[in-house]
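Trainee: This is what each chain is made of:
Protein chains: 2
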Amino acid sequence: MTTVLISGLGLIGSSIARIMKKSDVQPTILGDDPNDDTGQFLLGQGIIDERVTLLKAASRADIIVLAGPVSVIIKQLAQLTTVELKQNVLVTDVGSTKMQVMATAKRLQKRQIAFMGGHPMAGSHKTGGRAGREDLFDHATYFIVDGSQTPAQTAQFKACLKPAQLRWVNVSAEAHDGLVSEISHVPHVLAANLVNTADHQLKHDAVGLSAAAGGFKSATRIAGADPTMWTAIMLSNSEAISDQLTTYMAQLKEIQSAIEAHDADKIYQFFEHAKTVRERLDQEGETQ
Amino acid sequence: MTTVLISGLGLIGSSIARIMKKSDVQPTILGDDPNDDTGQFLLGQGIIDERVTLLKAASRADIIVLAGPVSVIIKQLAQLTTVELKQNVLVTDVGSTKMQVMATAKRLQKRQIAFMGGHPMAGSHKTGGRAGREDLFDHATYFIVDGSQTPAQTAQFKACLKPAQLRWVNVSAEAHDGLVSEISHVPHVLAANLVNTADHQLKHDAVGLSAAAGGFKSATRIAGADPTMWTAIMLSNSEAISDQLTTYMAQLKEIQSAIEAHDADKIYQFFEHAKTVRERLDQEGETQ
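In order, the protein sequences belong to chains A and B.
Quick note: the first sequence, position 224, residue 224 per the working numbering, numbers continuous.
Quick note: the second sequence, position 155, residue 155 per the working numbering, numbers continuous.
Derived by calculation from the structure, the hints in this document are not laboratory data.
Note that beta-carbon positions come from the ideal geometry of N, C-alpha and C, so glycine has one too.
Watch out, some of these pointers could steer you wrong.
Stated by the list, open to error - Here are the simulated DSS-like cross-link-like pairs (lysine-lysine), alpha carbons at most 27 angstroms apart as the crow flies:
#	chain 1	residue 1	chain 2	residue 2
1	A	Lys-126	B	Lys-266
2	B	Lys-253	A	Lys-253
3	B	Lys-217	A	Lys-158
Said to hold, decoys possible - Coverage of chain B stretches by chain A, computed from C-beta distances (three or more under 8 angstroms per stretch; other residues unrestricted):
#	stretch
4	119-128
5	204-218
6	240-252
7	266-272
What the hints assert, rightly or not - Here are some, though not all, of the chain A residues that point toward chain B, as calculated from beta-carbon distances under 8 angstroms:
#	residue
8	Val-189
9	Met-234
10	Leu-235
11	Tyr-248
12	Glu-260
13	Ala-274
Next comes chain A alone, as it looks inside the complex (with noise of 0.2 angstroms):
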């Protein structure tokens, strides 16, 4: 019988419980979080077998699962030194950054403690334990960075989540955060920076934002995401977040450029060239 801990009961925690939960492995899961609404709805559900607190039910675990914010994975993971733990248990986690998260961890795997880093690329604007969903990694690229866990753990782990489908690839912390920085981090920036000049240009336009059509809409969905978790994640991920930021700005102040000297060519180049590497995105997504 498998015990699993999972700490943080927001979207991916609860979706996380709910895969689960749909395994072969069938786990015990214990839930954590200090949402007394989201606990008792996952507990009423059968998406936890009961609530507990990270630590003080951390000892009778054989996987704890870390997924709250990153800044919260920071602290929990220097918490944990401080208990009792089962031998070959194995803490992991689901932080959107790694560098951090491995070098944190360090100080568990010194007191022989398997640690492992987790990272799903999936999400969705809705946040909460209610909003999760048995599918919402469908598919879904799952980034693992070794620490020091034993193949058999790695195996347990994939086990637990193996009705998502999941693809697993093995990454260094370092190409993660760069990597998930460009695809992830660089866009909510984007988006919520687009939502905010909008906003306060349109302040005084009697029609404004209201007259957007689906394309803005779509564009900036992801800056309805939560603050929290989106501050958490530029703070540790700053610098790979600002090198591209400023690549970014280079690229737009090129086309910039090319619009105001009525460049057809390069406009034309420019649109054409995003729209194959856009649309070869979507059939990837549909091979898989």
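Assemble the complex: chain A is given as a structure, and chain B must be docked to it using the hints.
Mentor: Chain B alone, transformed into the frame defined by chain A:
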């Protein structure tokens, strides 16, 4: 019996034909498009009644809708000054920018031909006459820029599009171009630039863009739009677009500085404000 000639049977033009066919006006629809496949398809579906060419059929129309890219509309407005038209004809367009169109239309108006600028705020990343839908405009904003049309002509045009339950909004050409730059043109540039920058940075990354989750995909969906149309839009609204890109980059630099400085409060405010504005947008959509 009202005869409507639509030139340009792409996504927008063919959707207009579809909507008008559902209206109580039940106009005869003459369709002009160089693409044989589109023309034959729409004829076969009974969405248009006859395939024609603009200049040869113009004299038969009560309403002429120019539904090509802005660059084509500009040419057609000049061409229409060279042919005979019905005395009470209304010429209108659906171009994404209005200042250049209204200026060019002055030549028609000098010949006592009624012109009205128009722009439905609807679209899709899909293109072409097969992708048109009779519900594409449902509850959308339709901008009207007054030219020389009579109230009766405006009323007749609105009657033809009644099934779409549009929100008709009168604006000046200048206000229109500033507003759509903000809510449509600039977002398209940003999305295409994000796709191109990410593609360039991740060219040699084995995982790369394929790991992108739904957030990146929805934020960049509009980058899949038709490059010909978007090049024409950039050329015809370059000043507003470039000005707003400058503002956008200034704001982006501010949040970049906050990220570099680990200014958690400022970063949180930035995301929190964006979330509030973005959620209001969804609520407005729901109450329409």
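Trainee: Work down the list of hints and note, for each, if the structure agrees.
Mentor: Here is what the structure says about each hint:
no.	hint	in the structure
1	A:Lys-126 x B:Lys-266	holds, 23 angstroms
2	B:Lys-253 x A:Lys-253	holds, 13 angstroms
3	B:Lys-217 x A:Lys-158	holds, 26 angstroms
4	119-128	holds (count 5)
5	204-218	holds (count 13)
6	240-252	holds (count 10)
7	266-272	holds (count 5)
8	Val-189	holds, 6 angstroms
9	Met-234	holds, 5 angstroms
10	Leu-235	holds, 6 angstroms
11	Tyr-248	holds, 5 angstroms
12	Glu-260	holds, 5 angstroms
13	Ala-274	holds, 4 angstroms
Hint violations for this structure: none, all hints satisfied.
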